[in-house]
Structure formats: structure tokens, C-alpha cells
Amino acid sequence: MTQDILRLNAVSKNFIVDDRKVEALSGIDLTLRPGQFTALVGASGCGKSTLLRLIAGLDVPDSGQILLEGTPIHGPSRACGLIFQDHRLLPWLSVTQNIELALAGTKHSAQERRALALASLDLVGLTDFARAFPRQLSGGMAQRVALARGFVNRPRLLLLDEPFSALDSLTRARLQTELLRIWAHEGTSMLLVTHDVEEAVLLADRVIVLAANPGRINATLDIDLARPRLRSSAELAAVKAKILHWLDDFAAAA
Amino acid sequence: MSARRWHDTRLGTLGLGLAFPAALALVWQAAAAKGIIDPNIWASPWRVALAVATQVQDAQFWADLGASLWRDAQGTALGILFGVAGGLALGRSALAREYFAPTLDAAKAVPLFTWVPLLSVWVGSGEAGKVAFIALAAAIPVLFNTAEGVRSLEPRHLELTRLYHLEFVTRFRRVVLPGAAPGILRGVHQALLYGWLATIGAEFLFEAGNGIGTNIMGARELYALDLVIADMLAIGLIGVAFDLGFGRVERSLLRWREDHRA
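Residue numbers (my numbering), protein chains in the order written: chain F, 1 to 254; chain V, 1 to 262.
Read the hints as simulated data drawn from the structure, not as lab findings.
Just so you know, even glycine gets a beta-carbon here, dropped at the ideal spot from N, CA and C.
Be careful, since some hints might not be right.
Stated by the list, open to error - No farther apart than 25 Å at their CA atoms in a straight line, the calculated lysine to aspartate or glutamate pairs in the DMTMM-like style are these: (1) LYS21/F x ASP62/F; (2) LYS107/F x GLU207/V; (3) LYS240/F x ASP205/F; (4) LYS240/F x GLU162/F; (5) LYS107/F x GLU167/V.
Unchecked claim - Listed below are several chain V residues computed to face chain F (Cβ distance under 10 Å; list not exhaustive): (6) ARG97; (7) ARG156; (8) THR161; (9) TRP256.
What the hints assert, rightly or not - Pulled from the structure, derived: some chain F residues nowhere near chain V, Cβ distances all over 10 Å: (10) VAL22; (11) SER26; (12) GLY45; (13) HIS195; (14) ASP248.
Build the full structure now, drawing on both the sequences and the hints.
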């Protein structure tokens with residue numbers, strides 16, 4: 001039996017807004033198996049980004065427990081990477097330096113860091129831009145560099161917070177394919193937050209649907225469609241319609 | 001796309017910039033030649049040109065210029081050092097800000113030259129006082145601009161330092177310093193100009209010693225206004241050199257801010 005990569009037990013998080021307590025997340029139970037691609041979908045305001053920040057160790061839950069590979073988390077961990085909605089590259093560092101930053105606290109020597117960064121850049125096909133500054137890149141290229149940075153220290157779990165939502169649809173489709181290729185290559189466990197149901201169904205082994213107020217898990221669906229999946233296939237459209245229908249129902253019930 | 005007009009070219013800009021002083025010199029020279037103004041009080045451009053030639057050959061002039069530049073370098077370097085250190089602390093720590101900022105803002109409103117009597121007593125009216133005065137003049141713009149630069153760091157960028165477990169040195173070298181660099185460099189740029197002005201001011205206001213300011217005072221005693229103007233030209237030229245030179249340094253260090261698509 002393999003160990004779960006991630007386990008959440010009754011995780012809750014509140015925010016104080018205008019002196020009033022707002023329940024952002026309530027009683028989230030979640031288990032991710034190693035190598036699995038999981039997608040979290042839900043309307044905006046359902047706390048999906050909050051959940052990701054908790055798992056990344058950037059915020060602390062008010063109650064409940066988050067176990068990464070069986071160990072309770074205390075702050076950000078190298079075993080768990082995070083890719084933001086904005087590329088979040090430092091504008092004053094070159095592409096290579098930005099990727100190296102993710103290795104800054106590791107035992108690798110400067111040469112090893114450089115080599116790992118370039119290898120990761122190769123993974124996303126941007127070796128020609130190693131010395132460029134972020135401002136010289138298009139949005140899609142910058143997000144690919146962010147992917148390279150996310151993968152460079154070989155996290156066992158990679159969290160993706162709507163990483164493609166700011167991109168045009170063509171670039172988004174290209175990067176989705178690219179992400180699947182890297183996932184197949186690296187075997188990293190993935191947890192993708194998205195509001196794009198088609199993206200979730202296209203990429204994930206399992207889709208978890210969140211409802212809002214308070215954010216909670218409302219449904220879980222295993223996607224058994226064979227890979228590579230076709231965006232235009234009827235099966236995919238059927239699954240997508242089902243999830244969209246659920247989301248509509250939750251919205252109506254809320 | 002659009003053709004550059006003649007005054008947008010480098011040579012055109014330079015010519016246009018020099019046109020006004022050239023016209024002024026011509027009118028001045030003509031007025032002096034016609035006897036409209038007293039050339040002993042209003043040194044004519046031609047006499048100023050001769051004075052420049054005199055100064056260039058005068059060892060005392062070069063010694064004074066060197067003394068001023070050395071004084072300026074010491075004071076400005078000290079000021080930048082304290083300014084950057086203080087600005088970083090002020091920008092990074094909300095506590096330091098709340099504690100010191102009101103005092104500093106109030107102190108900023110006090111004209112710099114009013115410090116001269118105090119500094120003369122505290123540090124001495126000789127070399128040390130002058131350097132301290134220059135340091136003070138240089139530190140103020142660096143302090144405020146550095147603090148502003150650090151405060152302008154974006155939380156989303158600082159969050160990366162947590163995500164990647166960056167230790168203090170890396171955090172400073174890779175995130176805080178370069179992120180605050182536009183502010184720091186803006187401050188240093190101003191410090192170079194303020195420091196140079198303060199150098200000449202200190203030479204006027206503190207105990208007489210060497211330096212280009214003292215050189216001017218000496219020329220005034222002799223009523224050699226042409227030499228005074230020649231010295232002024234030298235001071236201005238050095239100021240312009242600092243301004244243009246550091247502008248280049250600034251642009252090259254902040255290359256990452258330039259927009260050009262690959």
C-alpha cells in the first residue's frame with residue numbers, strides 16, 4: 001500500500017471581514033494519491049485558492065489537519081511546489097536566476113543549480129530565453145518559466161492556482177498539453193485549482209467540486225476517459241456538462 | 001515610423017541646448033565691447049575664457065579642485081552608507097517607521113545650512129565638520145528614497161521568499177535590494193548632486209582651508225571676477241558630469257525595467 005501524498009482532515013478557515021467572521025472553508029476532507037492529477041473546481045469565492053494556500057503552508061487553518069506524506073505541515077515545504085495565477089517572476093532577475101531562486105536554500109552548488117535550472121527550462125522548451133528578463137517574455141512564455149521554476153526542485157506535489165486563467169485560449173490550450181507532457185514525464189502529483197470545467201476534465205484523473213458559503217466539498221468525480229483526451233470528444237463534453245449542471249444546482253441552492 | 005525631426009537628433013539637441021548660453025555670451029561680449037557694462041564688474045566672456053586658460057595652467061586650481069573632489073567623495077560616500085542602511089531599516093520595519101519617521105520628516109523641513117553652526121561646534125569647523133555636512137546633505141535623499149523603494153516592494157514578490165525558504169542574505173541580495181534598487185539609485189543620484197553642492201557650501205561656510213570654494217573666495221578678494229566665473233564653470237561641469245555619468249549607471253543597472261519584446 002502506498003502512502004497518501006496529501007491528506008486533509010476536517011480543515012476549516014475563517015476570515016474576519018468588517019468585524020464579522022466569514023467561513024471561507026468548512027470541514028474539508030481530502031486525500032490525494034501519489035502521481036494522481038486532481039482538479040478542484042468551483043465558482044469564484046468558494047475558497048479554492050484559500051485551500052491551496054493552506055496546503056502550500058502560506059496560511060494556517062483555524063482547525064483541522066494537513067498531512068503532507070504523513071507529516072503535519074509547518075509552513076512551506078520543498079516537497080510541495082506552488083504555481084500562481086500570475087507568473088510571479090521577479091522582474092529584476094533573468095529567467096535562469098528566477099528558476100534558480102527556487103533552489104536557493106538547497107544543498108546544491110552554484111553550478112548544479114545552474115544546470116538544474118537550465119534542464120528545467122529545457123523541459124518547457126525555453127532554453128533560448130535563459131538570459132532574458134521577464135518583461136521581455138510574452139504572458140504564455142512567462143507562465144512556462146513559472147512552470148519550470150515549479151518543477152525545478154522536483155516537488156512530490158505541485159499545486160497550481162488557476163495557472164492558465166490569465167492567458168488567451170490558444171496559449172492556454174498549448175500550455176495544458178505541455179503540462180500533461182511534463183506530468184507524464186515527472187510523475188509529480190498535481191492539484192489544480194480552476195474555474196474552467198473543461199480544463200479540469202481534460203487534465204485530471206479526479207475532479208472535486210466545491211460549493212461556496214462556506215467552501216466545502218460537494219462532489220467528487222473520477223474521470224476515466226482514456227488519454228490523450230480530445231477537447232472535442234463527446235465523452236468529454238458529457239462529463240463537462242454533468243459537472244456544469246452540478247455547479248448550477250449549487251448556485252441555485254445557495 | 002515617423003521621421004525624427006532635426007531637434008530630436010543627438011546633435012540637434014546639443015546644438016539647441018548650447019544656443020542660449022552662446023547667445024547670452026555674444027550679447028554680453030558685445031555689451032562689454034561697446035562699453036555698455038563695466039568689464040571690471042561684469043567680466044566679459046572673452047576674459048572668462050582667458051581666465052579658464054589661466055586656471056587650467058595653474059597648479060593651485062587643480063590642487064583645490066582635487067581637494068574638493070576628495071572631500072566630496074568622503075562625505076557623499078559616508079552619507080550614502082548611512083542613508084542606505086537607515087532607509088532599509090525604515091522601509092522594512094513598520095516599528096522603525098512609526099518611531100523615527102515623524103522626527104525625520106520634521107528634520108527634513110529644517111534647511112540644511114542651519115546645521116552649520118551646530119556641526120561646527122559638535123564636529124569642529126575644520127575638515128571633519130565639512131565632511132559631516134556633506135554626509136548629511138547626501139544622506140537625506142538616500143534615506144528617504146531608499147525607504148520609499150523598500151516600501152514599494154510587492155507583497156506577492158516577498159511571499160516568494162517564504163515559499164522558497166530564502167535565508168536573510170539571499171532574501172536581501174535577490175529580492176529586497178534589487179526590488180528597492182530604483183529608489184536607492186534615485187536617492188544616490190540626488191546625493192551625488194547635493195553632496196557636490198554641499199561641498200562648495202561647506203568651503204564657504206566652515207573654516208577656510210583648501211578647495212575650489214576657497215579658490216573662489218580668494219579670487220573674489222582679488223576682485224578677479226573672471227576667475228570666479230571660471231571656477232563656477234568648473235563646478236557646474238563637474239555637477240553635469242555626475243548627473244550624466246550616474247544616469248548611465250542607473251539605466252544599465254535597471255535594464256530589467258525596459259520594455260522590449262523578445
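Evaluated hints:
For a cut-off of 25 Å, the pair hint linking LYS21/F to ASP62/F stands: about 12 Å separates their Cα positions. At roughly 58 Å between alpha-carbon atoms, LYS107/F and GLU207/V are farther apart than 25 Å, so this suggested pair is violated. Taken as a hint, the LYS240/F and ASP205/F pair is honoured in the structure, with Cα atoms around 13 Å apart against an allowance of 25 Å. Our distance criterion of 25 Å between C-alpha atoms is met by LYS240/F and GLU162/F, whose separation comes to about 18 Å.
Annotation: proposed proximity of LYS107/F to GLU167/V holds, straight-line Cα distance about 13 Å (limit 25 Å). Residue-level restraint check for ARG97/V is violated (minimum Cβ-Cβ distance to chain F is 24 Å; threshold 10 Å). The interface hint given for ARG156/V is met, as the beta carbon of that residue sits about 6 Å from the closest beta carbon of chain F, less than 10 Å. At its closest, the beta carbon of THR161/V sits 9 Å from a beta carbon of chain F; the interface hint therefore holds under the 10 Å criterion.
With a least beta-carbon distance of about 4 Å to chain F, the hint placing TRP256/V at the interface is held under the 10 Å criterion. For VAL22/F, the requirement that its beta carbon stay farther than 10 Å from each beta carbon of chain V is met, with the minimum near 21 Å. With a least CB separation of 25 Å from chain V, SER26/F remains clear of the 10 Å interface cut-off, as annotated. With a minimum CB-CB distance of about 20 Å to chain V, GLY45/F clears the 10 Å threshold, and the non-interface call stands.
Separation of HIS195/F from chain V is adequate, the least Cβ-Cβ distance of about 20 Å exceeding the 10 Å criterion. With a minimum CB-CB distance of about 33 Å to chain V, ASP248/F clears the 10 Å threshold, and the non-interface call stands.
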